[in-house]
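Q: Each chain, written out:
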Amino acid sequence: MSKINRRNFIKIAGGAAAVGAIGFPAIAAGKKQVVIVGGGTAGATAAKYIRRGDDSVEVTLIEPNEQYYTCYLSNEVLGGNRKLETLKFGYDGLRKHGVTVVQDTVIGIDPAGRKVVTEGGKSFTYDRCIVAPGISFRNNIEGYDEAAAEKFPHAWKAGAQTELLRGQLEAMADGGTVLIAPPPNPFRCPPGPYERASQIASYLKTHKPKSKVLIVDSKDKFSKQGLFTQAWERHYPGMIEWKKAADTGGGIVRVDAKAGTVSTDFDDMKVDVANIIPAQKAGVIAAAAGLTDDTGWCPVTGKTFESTIHKGIHVIGDAAIAAPLPKSGYAANSQAKVVAAAVVELVNGREAGTPSWVNTCYSIVAPDDGISVAMVYNLVDGKVAKVEGAGGLTPMDSSPEARKREVQYAYSWFNNITKDIFG
Amino acid sequence: MKTSKLHFTAAAIGLLAAGSLSAGDVRSPSMLANTCAGCHGTNGASQGPASPTIAGLSEEYFVEVMTEFASGDVPSTIMGRIAKGYSDEEFQLMASVFAKQPVAVTSQQTDAAKAEAGSKLYEKNCEKCHDEKGALADDDAGILYSQWLPYLQYSMEDFMAGSREMPKKMKKKVEKLSDAEIDALLHFFASQQ
Numbered sequence: 012m013s014k015i016n017r018r019n020f021i022k023i024a025g026g027a028a029a030v031g032a033i034g035f036p037a038i039a040a041g042k043k044q045v046v047i048v049g050g051g052t053a054g055a056t057a058a059k060y061i062r063r064g065d066d067s068v069e070v071t072l073i074e075p076n077e078q079y080y081t082c083y084l085s086n087e088v089l090g091g092n093r094k095l096e097t098l099k100f101g102y103d104g105l106r107k108h109g110v111t112v113v114q115d116t117v118i119g120i121d122p123a124g125r126k127v128v129t130e131g132g133k134s135f136t137y138d139r140c141i142v143a144p145g146i147s148f149r150n151n152i153e154g155y156d157e158a159a160a161e162k163f164p165h166a167w168k169a170g171a172q173t174e175l176l177r178g179q180l181e182a183m184a185d186g187g188t189v190l191i192a193p194p195p196n197p198f199r200c201p202p203g204p205y206e207r208a209s210q211i212a213s214y215l216k217t218h219k220p221k222s223k224v225l226i227v228d229s230k231d232k233f234s235k236q237g238l239f240t241q242a243w244e245r246h247y248p249g250m251i252e253w254k255k256a257a258d259t260g261g262g263i264v265r266v267d268a269k270a271g272t273v274s275t276d277f278d279d280m281k282v283d284v285a286n287i288i289p290a291q292k293a294g295v296i297a298a299a300a301g302l303t304d305d306t307g308w309c310p311v312t313g314k315t316f317e318s319t320i321h322k323g324i325h326v327i328g329d330a331a332i333a334a335p336l337p338k339s340g341y342a343a344n345s346q347a348k349v350v351a352a353a354v355v356e357l358v359n360g361r362e363a364g365t366p367s368w369v370n371t372c373y374s375i376v377a378p379d380d381g382i383s384v385a386m387v388y389n390l391v392d393g394k395v396a397k398v399e400g401a402g403g404l405t406p407m408d409s410s411p412e413a414r415k416r417e418v419q420y421a422y423s424w425f426n427n428i429t430k431d432i433f434g
Numbered sequence: 008m009k010t011s012k013l014h015f016t017a018a019a020i021g022l023l024a025a026g027s028l029s030a031g032d033v034r035s036p037s038m039l040a041n042t043c044a045g046c047h048g049t050n051g052a053s054q055g056p057a058s059p060t061i062a063g064l065s066e067e068y069f070v071e072v073m074t075e076f077a078s079g080d081v082p083s084t085i086m087g088r089i090a091k092g093y094s095d096e097e098f099q100l101m102a103s104v105f106a107k108q109p110v111a112v113t114s115q116q117t118d119a120a121k122a123e124a125g126s127k128l129y130e131k132n133c134e135k136c137h138d139e140k141g142a143l144a145d146d147d148a149g150i151l152y153s154q155w156l157p158y159l160q161y162s163m164e165d166f167m168a169g170s171r172e173m174p175k176k177m178k179k180k181v182e183k184l185s186d187a188e189i190d191a192l193l194h195f196f197a198s199q200q
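Just so you know, the protein sequences line up as chains P and G, in that order. Residues 12 to 434 (the working numbering) are what the first sequence spells out, left to right. Residues 8 to 200 (the working numbering) are what the second sequence spells out, left to right.
Partial selection, computed: residues in chain P whose CB lies under 8 Å from chain G: (1) Thr365; (2) Ser367; (3) Val398; (4) Gly400; (5) Gly402; (6) Glu417; (7) Tyr420; (8) Asn426.
Lysine-lysine pairs mimicking DSS-like chemistry, simulated, CA-CA at most 30 Å apart: (9) Lys415(P) <-> Lys140(G); (10) Lys415(P) <-> Lys121(G); (11) Lys430(P) <-> Lys140(G); (12) Lys99(P) <-> Lys430(P); (13) Lys99(P) <-> Lys162(P); (14) Lys168(P) <-> Lys94(P); (15) Lys281(P) <-> Lys255(P); (16) Lys42(P) <-> Lys322(P); (17) Lys254(P) <-> Lys281(P); (18) Lys430(P) <-> Lys91(G); (19) Lys107(P) <-> Lys107(G); (20) Lys314(P) <-> Lys107(G); (21) Lys397(P) <-> Lys91(G).
If you want the footprint, here are the derived chain G segments under chain P, 3+ residues with CB under 8 Å: (22) 35-49; (23) 53-66; (24) 78-88; (25) 91-99.
For the record, the hints were derived by calculation from the structure and aren't laboratory data. All C-beta atoms, glycine included, are put in the ideal place defined by N, C-alpha and C.
Could you build all of it, start to finish, from the sequences and the hints given here?
A: Quick look at the structure:
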């Protein structure tokens, strides 16, 4: 290798680095390498969009699973209106874009050596690394371990857990109680637990009308609360009860899988089905790679989502501290495109462009009733900020026709975003 | 490998002149347009069932309708809330991306008999402004060719209910058509391949 390496080149090119030099550094210093850790919504989107932005950049995506199940719309599987198979996506689409997909688990990242190491004993060097590990669970609920998750499924990562919970709902006798324990903030998919309550109630209303849904929350308020409450009164009167944290001294704190009980600080309860969703933090590799702060999530810059702890590593999706952007599929997809564009610029020795993000979260509260929250975001003083006057909720008084359309737009969103990610 | 500093610098300067990517505060057209893909599909080619395909829309139509979504003149479930987040200049930048895309061809179930009936009604009533079976995105006409049927139906429902204003020429034609004829026309547009 010459003494002039890529990093020197950026310094040498200096002022010229801000503008286009497409293809040139790649020829001079070999192809640029981007390694992406995690093939969920954020990671897969980033892989595809980097290749779209500059197909001279070599992109390696490392993901433990052969297939990905979207969490979004998995509540419809619980409601019985959708098969889990419709949420399954593979990586052939990304391969067609020239992404190298490696089925393995990343166990370490060396930011100084710019190297990613896997469980399978492989090592990948990178110019830029993108970490998109999603979420992992905290131990905030005593007794909630892997065995307990088989008895009281979280179903907060779609797949086997979703089917397990659906199976329990199907096996439950009429007149039973389904308990949902939503997690404390921040967590993946803020309206998710409440859409879930709606979907489960929709199933029970038709098949087991004497049954109830009991939400024992660890919070005193929740996303789209007015709209959900309205929908519950409208579609499932008397079927869904929500207990705020203050009512129970903080929600579910303990489970006993053997005894089949879930407990608050005051009460031990025996319910027919319990969906326990623990508190969350960034996916396991984030902490192992030293990318998390004491919140358990990954601090990043607003403009390029580069880790503020380790240079050269970008963290996107649920694992990143990106508020006011929520931990949602749309936000993950939106962040990934911004970061893909930034990484293309940065590996080519140019400055990243100015970002633009959008989020939309649909919740399907009944077969013909959809609600949404949307927001547009831009960069203000180096941070993600909501655009004033934009976005907001479905109006409380929107017509049944409008709500019906929102369901069709929710399905359209699903079809479009999954094609945008994996297609 | 030995390469002098001089070579690098000279080459970089040579490319500097050709460079067209800006990195200032202005957001690039693709940066802005990429945010639409979540609901309207990659490059604006929607996978349906209802969100409209926006690939190939004329710049004029795109800017006009987005401005009207933001003001509420064109009713919407969600587009208006999102449209309020952008300036006219940003609409223009997004429009430049979608105007360059080919009109998308969708695959959806339509009624062949209705589409056939719609074909004749189209020539008589719609072709003047919605040329090339609704694929020609001239001026203020949207893309109707192969457009998702539910979206066409929603739009006509809004036009008929008066919540969305019809252009005068369109109103004159539509007033003379029965509900069944309008339905046939929508199937005609949606069925185009």
